[in-house]
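Quick note, the sequences are listed as chains A and B, same order.
Heads up: the first sequence is residues 1 to 245, going by UniProt numbering.
Heads up: the second sequence is residues 1 to 245, going by UniProt numbering.
Calculated from the structure, these hints are not laboratory results.
Note that this is a predicted model, so its numbers are computed, not measured.
Wrong hints could be hidden among the right ones.
Note that identical chains are pooled: a pair holds if it fits in a single copy or bridges any two copies.
Below, simulated DSBU-like cross-link-like pairs (lysine-lysine); rule was C-alpha separation at most 30 angstroms, straight line [as the list claims (entries may be wrong)]: (1) Lys195 / Lys26; (2) Lys148 / Lys176; (3) Lys64 / Lys148; (4) Lys35 / Lys104; (5) Lys195 / Lys104; (6) Lys176 / Lys71; (7) Lys71 / Lys3; (8) Lys3 / Lys195; (9) Lys195 / Lys98; (10) Lys35 / Lys63; (11) Lys63 / Lys26; (12) Lys168 / Lys35; (13) Lys104 / Lys73; (14) Lys176 / Lys73; (15) Lys26 / Lys104; (16) Lys48 / Lys63; (17) Lys98 / Lys176; (18) Lys71 / Lys98.
There are 2 protein chains.
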Amino acid sequence: MYKINVIGIGPGFEENMTGQAIQAIKDSQVVVGYKTYMELIRPLTVGKEIVENGMTREVERCKKAIELAMKNKVVSVVSSGDPGVYGMAGLILEILAKEHDLSKFDVAIIPGVTSANAGAAILGSPLMHDYVTISLSDLMTDWSLIEKRIHCAGQGDFGVVFYNPKSKSRPDYLNKAQEILLQYKSADTIVGIVKNAFRDGQIHQISTLGVLDQLDVDMFTTVFIGNSATYVENGHMITPRGYQI
Amino acid sequence: MYKINVIGIGPGFEENMTGQAIQAIKDSQVVVGYKTYMELIRPLTVGKEIVENGMTREVERCKKAIELAMKNKVVSVVSSGDPGVYGMAGLILEILAKEHDLSKFDVAIIPGVTSANAGAAILGSPLMHDYVTISLSDLMTDWSLIEKRIHCAGQGDFGVVFYNPKSKSRPDYLNKAQEILLQYKSADTIVGIVKNAFRDGQIHQISTLGVLDQLDVDMFTTVFIGNSATYVENGHMITPRGYQI
Chain A
1 MYKINVIGIG PGFEENMTGQ AIQAIKDSQV VVGYKTYMEL IRPLTVGKEI VENGMTREVE
61 RCKKAIELAM KNKVVSVVSS GDPGVYGMAG LILEILAKEH DLSKFDVAII PGVTSANAGA
121 AILGSPLMHD YVTISLSDLM TDWSLIEKRI HCAGQGDFGV VFYNPKSKSR PDYLNKAQEI
181 LLQYKSADTI VGIVKNAFRD GQIHQISTLG VLDQLDVDMF TTVFIGNSAT YVENGHMITP
241 RGYQI
Chain B
1 MYKINVIGIG PGFEENMTGQ AIQAIKDSQV VVGYKTYMEL IRPLTVGKEI VENGMTREVE
61 RCKKAIELAM KNKVVSVVSS GDPGVYGMAG LILEILAKEH DLSKFDVAII PGVTSANAGA
121 AILGSPLMHD YVTISLSDLM TDWSLIEKRI HCAGQGDFGV VFYNPKSKSR PDYLNKAQEI
181 LLQYKSADTI VGIVKNAFRD GQIHQISTLG VLDQLDVDMF TTVFIGNSAT YVENGHMITP
241 RGYQI
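One chain only, chain A, in its complex shape (with noise of 0.2 angstroms):
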């Protein structure tokens, strides 16, 4: 069997990566990543074929990986977050179904802690109860059902997380879905934003839906709305969940 991780690093240092994240990467002999997260882990990569590049090279990496596995090599795929979610662990092994024998391959997910997790644990405690993980980029995905998407969002008053919430290239998709969230929710709407989250530079930020469109959000910040019940106290954003107190 040739072997394959796909690693999820969580936020990036390592300090937030499980025990059996760190030790994958410690037993492998080749570690592929996208060049950004690459660095936030180095140290534990010190002495390992490195195969890194630039965004929107995955399938080249992930290709790349694979071939390295074929010739009997330990290796690794790291993803920052979770990887599997928007992350690495789909991509490989659509790539294995696609173009080789799965069953030939030992393929081991190793979970992390996803954006909406990490920046959920920096505003507060806005997850609390049900809600959707949406992604606002529409370079795989048709802009029409992202904007479904959203309307059903709205229509069942959950949390929303928005992964990818805007880029260079698509600098008003965040405003569209504020517009479409606004049909559904209130303006007092409580949301948060949160920049690198755990990482050198962390920034966050609670304010109101009718002012999303306002706040400083790039390619970094995960966007949190909170359901109707969502609320702020000292500034900590708070779902509630339901309990008697």
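Starting from the known structure of chain A, fit chain B onto it as the hints suggest.
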């Protein structure tokens, strides 16, 4: 400032916890938690003051933690998975907001790997696209709201994760959820269930929505419903992200 950590222990064993979570427990004088989960981290709490009790006694547990923090003890409240997803983070903040002066408390929420991400890693990559997280427990939420959210999840072709899918007092709620989803999703939609992810007794199974009611699901199981593009290859549940391979 009184110090309280709310710590996500992930699936439960030390190897699945983050370094930050382990360190926070080690630095605490008091550790508070549900006794089943406290068992999992027993080696970390030797020599510390322990407060543990049974399920459904969360409010009592959190109030005791606050009381001890107000005696200037460093207190950690442990929560399985991530404390911000149906966990203890919100309850601690809610009690402090209602009954105390929250500004006098330094509450550190330390994220962990939640059941959705742990279970997904066992199944393959079921959550690679937008998904919703819904608890099927109506102990603290009206069933009518839960039903509404299941409808919205179906309409939006989201992946769905059900927490608390079944208990002795509500053996048929998962069947009701299945019936609702079948109004929107094909009976062939891939589903996966994971019991005790990354714990002793781990079991998982992949099947289809049409026969979800026949699978062996209990309160320690997390249930995953694919979107319309989810498929199975060699025992892996794969939801495509949309990459051109």
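Evaluated hints:
1. Lys195 / Lys26: Close inside one copy (29 angstroms) and across copies (28 angstroms); limit 30 angstroms.
2. Lys148 / Lys176: both (12 angstroms within a copy, 24 angstroms between copies)
3. Lys64 / Lys148: neither (36 angstroms within a copy, 45 angstroms between copies)
4. Lys35 / Lys104: within (29 angstroms within a copy, 41 angstroms between copies)
5. Lys195 / Lys104: This pair counts as between: shortest inter-copy Cα distance 26 angstroms, intra-copy 40 angstroms.
6. Lys176 / Lys71: neither (47 angstroms within a copy, 49 angstroms between copies)
7. Lys71 / Lys3: within (10 angstroms within a copy, 52 angstroms between copies)
8. Lys3 / Lys195: Between copies, since 25 angstroms is at most 30 angstroms while 34 angstroms is not.
9. Lys195 / Lys98: Between copies only: 29 angstroms across, 36 angstroms inside.
10. Lys35 / Lys63: Only inside one copy: Lys35 and Lys63 sit 16 angstroms apart there, 45 angstroms across copies, limit 30 angstroms.
11. Lys63 / Lys26: Only inside one copy: Lys63 and Lys26 sit 22 angstroms apart there, 42 angstroms across copies, limit 30 angstroms.
12. Lys168 / Lys35: within (20 angstroms within a copy, 49 angstroms between copies)
13. Lys104 / Lys73: Cα proximity of Lys104 and Lys73: one copy only (14 angstroms, versus 53 angstroms across).
14. Lys176 / Lys73: neither (46 angstroms within a copy, 48 angstroms between copies)
15. Lys26 / Lys104: Within one copy only: 23 angstroms inside a chain, 42 angstroms across chains, cut-off 30 angstroms.
16. Lys48 / Lys63: Answer is within; shortest intra-copy Cα gap is 19 angstroms, inter-copy 49 angstroms.
17. Lys98 / Lys176: Neither: 35 angstroms inside a chain and 36 angstroms across chains, both beyond 30 angstroms.
18. Lys71 / Lys98: Within one copy only: 19 angstroms inside a chain, 60 angstroms across chains, cut-off 30 angstroms.
Checked against the numbered hints given earlier, the structure breaks hints 3, 6, 14, 17 and satisfies all the rest.
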